[in-house]
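> As given, the protein sequences belong to chains S and E, one line each in that order.
Just so we're aligned, residue 1 is where the first sequence starts under the working numbering, counting upward by one.
Just so we're aligned, residue 1 is where the second sequence starts under the working numbering, counting upward by one.
None of these hints come from the bench; they were simulated from the model.
Just to be clear, a hint being listed does not mean it is correct.
[What the hints assert, rightly or not] To give an idea of the interface, some chain S residues facing chain E are shown, with a C-beta separation under 8 angstroms as derived from the structure: (1) P39; (2) G51; (3) G99; (4) P102.
Since the model is a prediction, treat every value here as computed from it, not as a measurement.
Idealized CB from N, CA, C, for every residue including glycine.
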Amino acid sequence: NAGVTQTPKFRILKIGQSMTLQCTQDMNHNYMYWYRQDPGMGLKLIYYSVGAGITDKGEVPNGYNVSRSTTEDFPLRLELAAPSQTSVYFCASSYSGSGGQPQHFGDGTRLSIL
Amino acid sequence: DQQVKQNSPSLSVQEGRISILNCDYTNSMFDYFLWYKKYPAEGPTFLISISSIKDKNEDGRFTVFLNKSAKHLSLHIVPSQPGDSAVYFCAAKEAGGTSYGKLTFGQGTILTVHP
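Isolated chain S, as found in the complex (with noise of 0.2 angstroms):
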């Protein structure tokens, strides 16, 4: 039982850099989120997808950019990294996005920028 999968675990990128985090999930959920945790912070919703091809963004979309070609896939892509995006990224999914249906974590990308 996967759940939802995220690669890799840890990263350090340089300023400029740019990278794709991972994300795939196995419950055939529909609804995808991205979210970011800083250090003493909740977490931060960055894009959200409600289907294969429907994406939008959330609360802090600037500097990333996400698809969703697939039900299992929803990556997370950062074009220019930034010492501000250094963060633990979380992916999570939902069967749907009603009531009180929970939302289901991978384990994080631990990903720094120096």
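Let chain S serve as the given structure and place chain E on it in line with the hints.
Just chain E, lined up with the frame of chain S:
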């Protein structure tokens, strides 16, 4: 503008006693509240939720209370166990189809349960 606040960064309790974690919110459009537990180097794990039309929800050792007029909720853990030591996040979800299940999180409270 923090819509969900957990004002206690940390809480320390003795094993077997009650742990009470608090959460306040400002947005009247929130219709569901969820509690997540997070261990180091892992993702948050769902614990329990409550609808805004209820004032209490119980699941085993975990009970969540909602005071809608005070815009306040709390998570009670009874009895507390050392394995409960983790960061606890309060999260809220807005009503309506256009919310798409987006969660707004509090800052988290670090719970330490001493044997």
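> Could you run down the list of hints and mark each one as holding or not?
Outcome of the hint check:
1. Proximity of P39(S) to chain E is violated relative to the hint, the smallest CB-CB distance being about 10 angstroms (cut-off 8 angstroms).
2. Proximity of G51(S) to chain E is violated relative to the hint, the smallest CB-CB distance being about 10 angstroms (cut-off 8 angstroms).
3. Interface restraint check for G99(S): the shortest CB-CB distance to chain E comes to about 7 angstroms, inside 8 angstroms, so the restraint holds.
4. At a threshold of 8 angstroms, the smallest CB-CB gap from P102(S) to chain E is about 4 angstroms, leaving the interface hint in force.
Violation of the numbered hints given earlier is confined to hints 1, 2; the remaining hints are satisfied by the structure.
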